[in-house]
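Take a look at the letters that make up each chain.
2 protein chains.
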Amino acid sequence: MAVARGDEPADLVLAGGRVLSVFTKEWLEVDVAIQDGHVVGLGRYEGRERMDVEGAYLTPGFIDAHMHIESSKLTVDEFARAVLAHGTTAVIADPHEIANVLGADGIHWLLDCCADLPLDVYVMASSCVPASRFESPRRPFSTGDIESLLRRHRTIGVAEMMNFPGVIAGDPAEVAKLTTGLTSHVDGHAPGVRGAALNAYIAAGIGSDHEATTYEEALEKRRLGMWVMLREASIARNLRDLLPLVKRYGTERCMFCTDDREPSFIVEEGHINQMVRVAVEDGISPEDAVVMATINPASYHRLWHLGAIAPGYQADILVLDDLSSFIPRHVLKRGAEPRFTKLEVPEWVRQTMHLAPVTAESFRIPAGPRRIRVIRVIPSQLLTGADLVEPAVREGALVADRGRDLVKIAVLERHHATGRVGLGFATNVGLKRGAFASTVAHDAHNVVVLGVEDADMAACACRLAEIGGGIVVAE
Amino acid sequence: MAVARGDEPADLVLAGGRVLSVFTKEWLEVDVAIQDGHVVGLGRYEGRERMDVEGAYLTPGFIDAHMHIESSKLTVDEFARAVLAHGTTAVIADPHEIANVLGADGIHWLLDCCADLPLDVYVMASSCVPASRFESPRRPFSTGDIESLLRRHRTIGVAEMMNFPGVIAGDPAEVAKLTTGLTSHVDGHAPGVRGAALNAYIAAGIGSDHEATTYEEALEKRRLGMWVMLREASIARNLRDLLPLVKRYGTERCMFCTDDREPSFIVEEGHINQMVRVAVEDGISPEDAVVMATINPASYHRLWHLGAIAPGYQADILVLDDLSSFIPRHVLKRGAEPRFTKLEVPEWVRQTMHLAPVTAESFRIPAGPRRIRVIRVIPSQLLTGADLVEPAVREGALVADRGRDLVKIAVLERHHATGRVGLGFATNVGLKRGAFASTVAHDAHNVVVLGVEDADMAACACRLAEIGGGIVVAE
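So the sequences go chain by chain: A and B.
For the first sequence, this note's numbering gives the first residue as 1, with consecutive numbering after it.
For the second sequence, this note's numbering gives the first residue as 1001, with consecutive numbering after it.
Incorrect hints may appear among the rest.
To be verified - Result set (DSS-like, lysine-lysine): computed pairs, CA atoms no more than 30 Å apart in a straight line:
#1 A:Lys-342 to A:Lys-73
#2 B:Lys-1025 to B:Lys-1247
#3 B:Lys-1247 to A:Lys-247
#4 B:Lys-1025 to B:Lys-1432
#5 B:Lys-1073 to B:Lys-1247
#6 A:Lys-73 to A:Lys-432
#7 B:Lys-1342 to A:Lys-25
#8 A:Lys-247 to A:Lys-25
#9 B:Lys-1432 to A:Lys-25
#10 B:Lys-1342 to A:Lys-247
Derived from the structure by calculation, the hints contain no laboratory data.
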């Protein structure tokens, strides 16, 4: 208080900048006094340290309203380094990939890791592990697992409720996850859900959605009270399609999120700052764009100390040279340059592959059916189609057919070495020879193998077991 | 969920109205399906009961963001009856008048009383009992009292922190009230506080203010992140002066409150609906005005189930014939006509007068000083002036002087019959003969007596003791 009153010098004063008030969407020509990692005053202040930001624009650090750190393929310390450079100072993460592979232990470990990071990582407790009853994670999450997570300080709610059919149908197991009594803050996930079904989903207590891909869908959701997360993911770039909602109805209840973003996207185009940039390019005012990246996600997520440069707020501040590139000259995290730490990843987190022995024989599909259903891959889309084709047969078994771009696909259970294998065919993959395998396989992250030859497929799977998971190609 | 899905009929359907979405500020032509006191769907619905509201406007019930029920001079059940008729369905009350007279017990009793009311009464724990160290309440509130209140369900934060000099100075006793760890939600009270002092007050964790009387003061507070409560109290009608803030910067962080409103004001002009009406008269759009009376106070006070007509929200709904008078045709509280109950006020709440014996002699001021300081009353204002005058003397004592409009004023401690009496003189009161006494005397509510004759003053005080407090005149 003495610093705010001007009776004692601040730890740091940012002098000469134009400071965005997210509350009035104005640029104030004031100093920012920072003490103990928090903003304590806007006005004229003295400080033990003084940073000249003459002519620069100062905005709050950007907040990602919904995302999965695992999609960056980085450990959280490296992820922090990558996104802080782009001005993201807080993320609200649903660690459901970790949850599928490591159980609730994995999320508790992640929370422990994040305590000392220069990035604020808040967690929404993963609600749908497995994502559907057709998947085999390490173990399914119970309501109790969710409760154990909600008891922790940095867990602020329940993550995207992907089982929207279950919620809408009133499935007691899903309703139980929404009625723990520990939180009323629940993210949604309701692609294409409209009308009465949408009313039912919202009435169950769902507060947000990030799956709208059209203006009309987003508008219907907002009218009914949902907070709309405008998404710009690697394979779901919805921002430009949804910005008309902001232009017509203002920024209220709108915010930005990245959901799943590949590392190349982050490095080449940025993170939330890329969304602010695109919004401004598209005709949104810089002030409105920043509001959707700062105070709006903070308000929605009830993070009262984030999202503004004002007394009492955490001093997460971007120093910007312009209002078009949104590449920060400086990023202040809790009032200082971010100090990065190197995360030691323990053995139990690194070694999650428990795969039963695999040979070429594991992939054999005996001949018999005259027509088979084949997965048709649609480039750059999550959804797949289905074809009915005549299989290729060799030595009494169904095999790949290069000529028709028909490859074999397999999923191998790899959490408990059960030896369970699912087999089928896919088309429009583009694989001409050899095989490809990955343990990056949403959401349960078993081993997915695609191949032309069973022996190559087996080689890939065996190699994955040796190296503890990842991506392998063979021929 | 079955009702929301349209698979089962609702308890009640409001059909044919125009329903305000406070999220897009649009009027939607939809039915409202209500089940178990909550809105479950907007669309086309069937119901066991159907209310035709063809052509009417449906808005959420109005919310008073800050007020003192005691100022209405009504018990809370009668207050509920009075304001529900005007469309107020929830109030956020600071019961600090009760607190001064009955201690924390009084607030716990009030909370108990409100459990079955058709009005939602949320309480902010009174932070300043006494209001200043010059006052004598029944007993002073400790941080522990505030904690005991914060543990209760309907207590949602800490009430207006009136000791702003203490907070700004960093007084540990005041800071302790803000740092119980039980809530981060604290109302402010900072008349005329600006600049560095205001920064310090906000940095301490104060979230709102209702004392701004000018556009400039309100704007400064909003820029720094405060929620601005536009006030229209009986003796502080600030609304029209502050509406330019809304016109220039929009409705964000603005809301309505009545603070202290006399019963005549409520009966003759209304309650929050009077503010909505005045705002619309003054050029604010009806949608914006309603937003400041509904979703904004609900959001500020973190009452996530109030302030909107949307799935999951409590069905507090006004049926309006027009968007100018804002006198509701129907008020639905939790989906039904309000059902009023009669409150039984127990003896310990009714009998709070503990006054030591009073005679004319109690008011005697021995002659001596040649000049005395006199309180100058300023009509219709809270503030008073001070004059220095020569006293009138009779039989060795200072006495009133009709010719100079100089009357005697006394405050008699009445909580613990200590016999403590404070004596002085006031001018510009207008009292020509006899005496006037009241236990309605903010904030400690001791007996205040004004009079021309000591004997009449004594008669008033004695009568107040007999009738358990109130207002008495005598000659």
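Tested hints:
no.: 1; hint: A:Lys-342 to A:Lys-73; result: holds (16 Å)
no.: 2; hint: B:Lys-1025 to B:Lys-1247; result: holds (16 Å)
no.: 3; hint: B:Lys-1247 to A:Lys-247; result: holds (19 Å)
no.: 4; hint: B:Lys-1025 to B:Lys-1432; result: violated (56 Å)
no.: 5; hint: B:Lys-1073 to B:Lys-1247; result: violated (34 Å)
no.: 6; hint: A:Lys-73 to A:Lys-432; result: holds (27 Å)
no.: 7; hint: B:Lys-1342 to A:Lys-25; result: violated (49 Å)
no.: 8; hint: A:Lys-247 to A:Lys-25; result: holds (16 Å)
no.: 9; hint: B:Lys-1432 to A:Lys-25; result: violated (56 Å)
no.: 10; hint: B:Lys-1342 to A:Lys-247; result: violated (51 Å)
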